[in-house]
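4 protein chains.
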Amino acid sequence: MKGKVILAYSGGLDTSVAIKWLQEEGYDVIACCLDVGEGKDLAFIQEKALQIGAVKSVVLDVKEEFLHEYAMMAMQAHALYEEKYPLVSALSRPLISKKLVEVAELEGAMAVAHGCTGKGNDQVRFEVSIHALAPHLKVLAPVREWKWSREEEINYAKEHNIPIPINLDNPFSIDQNAWGRSCECGMLENPWVAPPEEAYELTVSVEKAPDTADTIEIQFESGIPVALDGVIYPLPTLVKKLNELAGKHGVGRIDHVENRLVGIKSREVYECPGAMTLLKAHKELEDLTLVKEVAHFKPVIGKKLAEVIYNGLWFSPLKDALYAFLHETQKNVTGVVRVKLFKGHAIVEGRQSPYSLYNQELATYSAEDTFDQEAAVGFISLWGLPTKVHAEVHQKKVEV
Amino acid sequence: MKGKVILAYSGGLDTSVAIKWLQEEGYDVIACCLDVGEGKDLAFIQEKALQIGAVKSVVLDVKEEFLHEYAMMAMQAHALYEEKYPLVSALSRPLISKKLVEVAELEGAMAVAHGCTGKGNDQVRFEVSIHALAPHLKVLAPVREWKWSREEEINYAKEHNIPIPINLDNPFSIDQNAWGRSCECGMLENPWVAPPEEAYELTVSVEKAPDTADTIEIQFESGIPVALDGVIYPLPTLVKKLNELAGKHGVGRIDHVENRLVGIKSREVYECPGAMTLLKAHKELEDLTLVKEVAHFKPVIGKKLAEVIYNGLWFSPLKDALYAFLHETQKNVTGVVRVKLFKGHAIVEGRQSPYSLYNQELATYSAEDTFDQEAAVGFISLWGLPTKVHAEVHQKKVEV
Amino acid sequence: MKGKVILAYSGGLDTSVAIKWLQEEGYDVIACCLDVGEGKDLAFIQEKALQIGAVKSVVLDVKEEFLHEYAMMAMQAHALYEEKYPLVSALSRPLISKKLVEVAELEGAMAVAHGCTGKGNDQVRFEVSIHALAPHLKVLAPVREWKWSREEEINYAKEHNIPIPINLDNPFSIDQNAWGRSCECGMLENPWVAPPEEAYELTVSVEKAPDTADTIEIQFESGIPVALDGVIYPLPTLVKKLNELAGKHGVGRIDHVENRLVGIKSREVYECPGAMTLLKAHKELEDLTLVKEVAHFKPVIGKKLAEVIYNGLWFSPLKDALYAFLHETQKNVTGVVRVKLFKGHAIVEGRQSPYSLYNQELATYSAEDTFDQEAAVGFISLWGLPTKVHAEVHQKKVEV
Amino acid sequence: MKGKVILAYSGGLDTSVAIKWLQEEGYDVIACCLDVGEGKDLAFIQEKALQIGAVKSVVLDVKEEFLHEYAMMAMQAHALYEEKYPLVSALSRPLISKKLVEVAELEGAMAVAHGCTGKGNDQVRFEVSIHALAPHLKVLAPVREWKWSREEEINYAKEHNIPIPINLDNPFSIDQNAWGRSCECGMLENPWVAPPEEAYELTVSVEKAPDTADTIEIQFESGIPVALDGVIYPLPTLVKKLNELAGKHGVGRIDHVENRLVGIKSREVYECPGAMTLLKAHKELEDLTLVKEVAHFKPVIGKKLAEVIYNGLWFSPLKDALYAFLHETQKNVTGVVRVKLFKGHAIVEGRQSPYSLYNQELATYSAEDTFDQEAAVGFISLWGLPTKVHAEVHQKKVEV
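Residue numbers (the numbering used here), protein chains in the order written: chain P, 1 to 400; chain E, 1001 to 1400; chain R, 2001 to 2400; chain D, 3001 to 3400.
Think of the hints as simulated: they come from the structure by calculation, not from any bench. Virtual Cβ for every residue (Gly too), placed ideally from N, Cα, C. Incorrect hints may have been included.
As the list claims (entries may be wrong) - Label pairs and their in silico Cβ distance ranges:
(1) D:Lys-3084 / R:Gly-2003: 53 to 63 Å
(2) E:Gly-1108 / D:Lys-3084: 52 to 62 Å
(3) E:Leu-1050 / D:Lys-3331: 51 to 61 Å
(4) D:Ala-3367 / R:Gln-2051: 41 to 51 Å
(5) P:Thr-370 / R:Pro-2165: 16 to 26 Å
(6) D:Lys-3331 / P:Ser-149: 54 to 64 Å
(7) R:Glu-2159 / E:Ile-1154: 27 to 37 Å
(8) D:Val-3226 / P:Ser-173: 38 to 48 Å
(9) P:Ser-173 / D:Asp-3169: 51 to 61 Å
(10) D:Lys-3241 / R:Pro-2354: 40 to 50 Å
(11) R:Pro-2354 / D:Lys-3331: 32 to 42 Å
(12) D:Glu-3361 / R:Pro-2165: 26 to 36 Å
Claimed, not checked - Below 16 Å or equal to it, Euclidean Cα-Cα: the simulated EDC-like pairs (lysine to aspartate or glutamate) are:
(13) R:Lys-2298 / D:Glu-3082
(14) E:Lys-1319 / D:Glu-3082
(15) P:Lys-84 / E:Glu-1083
(16) E:Lys-1240 / E:Glu-1083
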């Protein structure tokens, strides 16, 4: 016997087959299903693993930790990979890895296993995260290792009495959590073709969105959304409500030809109704409350954080340092943002904050103006001085 | 007599009063109206300047130069100030400055004058640009200098028989060109209030947008849009058509609380139907044609270029160097993007290019897969090695 | 009477004259001399202010606060303005401003005054810092205001019985503190001329440096130097010892043509024997203890911090956020660095740390090698994949 | 037979054994020795390859191309990997790759081979470069493949009559070219131990450096050094002379614990007397001739270019775009820099340029001053406005 292995178990075909395959490799398999908000029948999944041969089957609800410790950081950073993708799956991988390691330590396991193939980003995120937390643990990747065709895999399942999921002819590969949903494969592999409606689940199309808007007020405290329309909710509830409401209005569809860490371009479709609504609202509150110099440098941090998260380096010390910067900027991101959800849009219509740095007396062109317009003369003179000296030296001629 | 001054003349109250005021200061005023696509009655404006007292009145059509040499650079760079504002007015100021300088040299003028107040960005853009091109020219800013209230200005106009524009009670301050329109002041000065419909002119509201989409194909050659639905157009025509079409569908409204260069936050509303449609389409074509390393670094250039343009440093050597980078990246940004214009959205549904780096054989999960999945094992091992060594040294413990 | 003004008093001609001038303007002048390690006769200065007419004269020793709270941040960030200047004066200005504000509040003063001219950086640093801490306080800049020539100033001094310093014919303008010394003006204004020996005070020339080296061991705890050759010292003592020792060996002379914030280039000469030795040693310890990803991103923070400090924005929230990043990176910058001081060099010869991430078993080419060389094959394959796909698409031809 | 392979041949043990090994694998080996300025006996090497069994042996002198097309770019960018390493070996690898590919095309070879192990950076640089230029070529890495111990390799050499180099007990691994020299292994693997004198060859120690300085004037035209002390030289001659002169004075030793691309830290010692002298002189000329905004952003480009070169991505389109930026900045980097070479230092004592932006009339504190000091008041007021508004809103209290 090779000891215990903790398998990240989803209930799907790949990881179901993996239970048996790992068993045949000589491991005692402990199936571990992490509930990050995928919305599955967890009791069924837990039971199924035992049926197939797992010596133990565990289900952990980590939705709250996921949203508080992972999703919020990405939202506050406005971390969008390649300016588009709000890192849905990339955010859940390190948390799942952490939980697998915790279970491995509790159970005295020698190894951890995941169901990723060899061409995606998630294998990197799992393996780097696991080794960052437990460098001694072995990481197994049965699907990458067995190299079977779909047909061979199904045959193996049938031979070993592993239940075949009924949606096996679903052409898409899906990942979902409380922060959103990703979809790839099938006809999406042709970037000239529009994504079909079947690729979406959390959102309606703009065509099917209702003809009347919902206008909501989102309240933030130090960069965290805490209330909707004045009612305080725990974060998982608030995000769920927003997902439903914004999804109903068709908000948050993303169609992205992206550069994977493993060197290829792929085409992915994402749905993040709640996340995209919160991202927009949060940015607008920052526009009001962050001082200019912070507002102009923070995107550098957000861009790097997006890369770090996408590239599987969540447990790198770099993330901690980036977060320290980020956290310091959120102290005063407090206030209310009014958002109109309508026909695929989350339109920010108004924003207010006790810490607003918008000063109407300085900004106004009315009689209340307190801005010292003469200061501008001196400012311009020195601001443009390097350019002017350069021009004088180089006798820049205008082509008349 | 103090000699000739070239006045950037718009036909509005401020610059009309400035003609007389400069005259009384002892200048011969040459009014110069630059047509950057504002859509005004130019013959009327030209005549009006003479009527008020200008010794000469010039109108120059610079729309084509504006779009080719100014707007395209911002589009290719995806230059959005504070991730929102596509630099509409900021782009026209250096071109207007350049033309004023050219006229000043032709006419042997001693000075150039603009109609900006002392609290906006445009005064900086004009003055720095003019001094970059002609460090010896004097720059006059009559509106900033006379410091009159609105009432005093109107009285002065009445006393001097200067025609008062009929839309004087328009609460907004507007600037418009072929690339878009900006609007500020009035009730917009309260950032909690939604912009009223009167603030918009180029776009309809989502509510009023048609119920059927228009789907168009935009063709780019080396980063420049050259054709719509297969028909080649000169750039001004193409942008005009897009402004109308996208405007009809309510695309391109932006509501922005922004940090001005002069140190205050202000709230601006922009409409850029054509520009925003082109920006989205161009980005998607880059996603397909730029190699990963370029795609990931180019936003650093775009962010800096946005700051340079917003801050009035168009004629700084830094812009030239940033543009050299940008230009090099556009060589292969050639192809067609299919865009659905609908209910305020410009949704990219498909993109194709002869230089597409998307390789379906590498990306596919089907039987045609040519990706070497075993390479991933080695890749992950070295990619995660620094994090793993760090973990080993620091014995990172997971909190169980 | 206009009330009390707190004057940053150095004992030199400018601020001595300012006491009288402010008095004549109607202020009660409280002279405040901040000891940041300039090495002056403080009792003499304190007395002199009273003699000239100050109603009160205060001396504050802030060396320890200066080194701990200001200099260390710059050192840990490797903050070098334009890759050369370790921010000596720029670091003391915010601290002096803070103390002036504290005294102003204690004394119930209406205003604060500094002795800067109108073309340097320090006026910006003082005024922005003071307004960041006490937006209501008035800031006076008598030297900038009176616009006298040197001769006129001396005449004023003579007429008012203000003692003229004996070193008045010193051609240089000097600023010094515990972190270093800056020198400008005089023949230094010609950038083709080598700085004369009289420009230096803390260091000998390489020619006069001793023929035998001193080799020292500097111990750091979490990024702070705590011991020299195994003996623990308070920071001010440690820096003083290093200044003397490294100065004796001619370490830390810097000759810099730099871009001032106010738009001009100026030529400055700096001496920072201790600071430059610590900067080099600290960097080497980081090379050993920081994980690659942190090491590669940290310079972005350091560069921005250098700009923030140079540009007088110490009390901006951006500095706090940058420092939060920085602080997080210093946790494990602990260990010993062996430095040879010799002929103007601080040569790091060895470095060791309990948190060293240098792993000899991975790095060695000897038989102890544990590095998995086969992993490299997969790594290279995916690392180079984007470039390879690009080459395939573009059929890049080599010119034979 | 497997066809022809082009082997990058150095004459050392590894690549000599590789000739025979590749022959036994069934290849016709064409040895190709690239002279990048290593200073070897090329005729001897060329002959040796034939003796061992190569079917053809080629020597190519590429020193001039190396310096002009590769080294100059790194110098102009001030590209220092981890702020220390001027990329000596990293610069030659792409050029060698290019030449190997050219020979492969001329000879109709199927494959190219290099002598790198599996844990260094050079394998990545070779393989990515070769595939960027000729994606269809096979790349062989015999040393990485055969996995012999040193002893096994020597036994194989003896058995096959391959001459064993006499310096086989040299504990160091060396690479050298016209731009510098790198040295690793042996006792250098202990980062606490000072590098022994035997590790160096191009430079003397500071202890042995002469007691009298050499002061030289280096003339640059558009960023390229063209003359020494007024005498124009071809670049290879100029660099060679500088290497000798600066090496004689002990300039350019670097001791670096660095992060390799393959994930480990290693300790390397570099000698770059000419390169470091040119880098310093070039930077000083830029300080004089670049406008502030360019000077402040250019390091971002230099840092990225250093990473791109170090990481083997020379033939990535990103390098071309970075170079386009760089090239644009060099137009006016023309002038003379006076450098004193002494005791390990290259001290810039003076710099002058026809395009100098240093304006003594603006910079001076003497009577010739033309700087408008009153402009500073307005400048400071607006520069500090965001910080001041923030302070007012947050009522920042000073701790008294």
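Now the hints, each set against the structure:
1. Against the hinted window of 53 to 63 Å, the Cβ-Cβ separation of D:Lys-3084 and R:Gly-2003 comes to about 55 Å, which satisfies the hint.
2. At about 57 Å, the beta-carbon gap between E:Gly-1108 and D:Lys-3084 stays in the expected band of 52 to 62 Å.
3. The given range of 51 to 61 Å is broken by E:Leu-1050 and D:Lys-3331, whose C-beta atoms sit roughly 44 Å from each other.
4. Hint check: D:Ala-3367 to R:Gln-2051, Cβ distance near 31 Å, so the stated range 41 to 51 Å is violated.
5. Taken as a hint, the range 16 to 26 Å is violated for the pair P:Thr-370 and R:Pro-2165, whose Cβ atoms sit roughly 43 Å apart.
6. Distance hint check: the CB atoms of D:Lys-3331 and P:Ser-149 are about 59 Å apart, consistent with the given range 54 to 64 Å.
7. Checked against the hint of 27 to 37 Å, the pair R:Glu-2159 and E:Ile-1154 fails, with Cβ atoms roughly 53 Å apart.
8. D:Val-3226 and P:Ser-173 have their C-beta atoms about 60 Å apart, which leaves the hinted 38 to 48 Å range violated.
9. Judged by the Cβ atoms, the range 51 to 61 Å given for P:Ser-173 and D:Asp-3169 holds: they are separated by roughly 57 Å.
10. Taking the beta carbon of each, D:Lys-3241 and R:Pro-2354 are about 47 Å apart, inside 40 to 50 Å as hinted.
11. At roughly 51 Å, the beta carbons of R:Pro-2354 and D:Lys-3331 sit outside the given window of 32 to 42 Å.
12. For D:Glu-3361 and R:Pro-2165, the hinted distance range of 26 to 36 Å is satisfied, since their beta carbons lie about 28 Å from each other.
13. About 10 Å separates the Cα atoms of R:Lys-2298 and D:Glu-3082, which keeps this hinted pair within 16 Å; it holds.
14. Only pairs whose Cα atoms come within 16 Å are accepted, and E:Lys-1319 paired with D:Glu-3082 is rejected, the gap being roughly 27 Å.
15. In summary, the hint linking P:Lys-84 to E:Glu-1083 is supported, as the alpha carbons are separated by about 12 Å, within the 16 Å threshold.
16. Pair hint E:Lys-1240 plus E:Glu-1083 does not hold up; C-alpha atoms about 24 Å apart against a cutoff of 16 Å.
Going through the hint list in order, the structure does not satisfy hints 3, 4, 5, 7, 8, 11, 14, 16.
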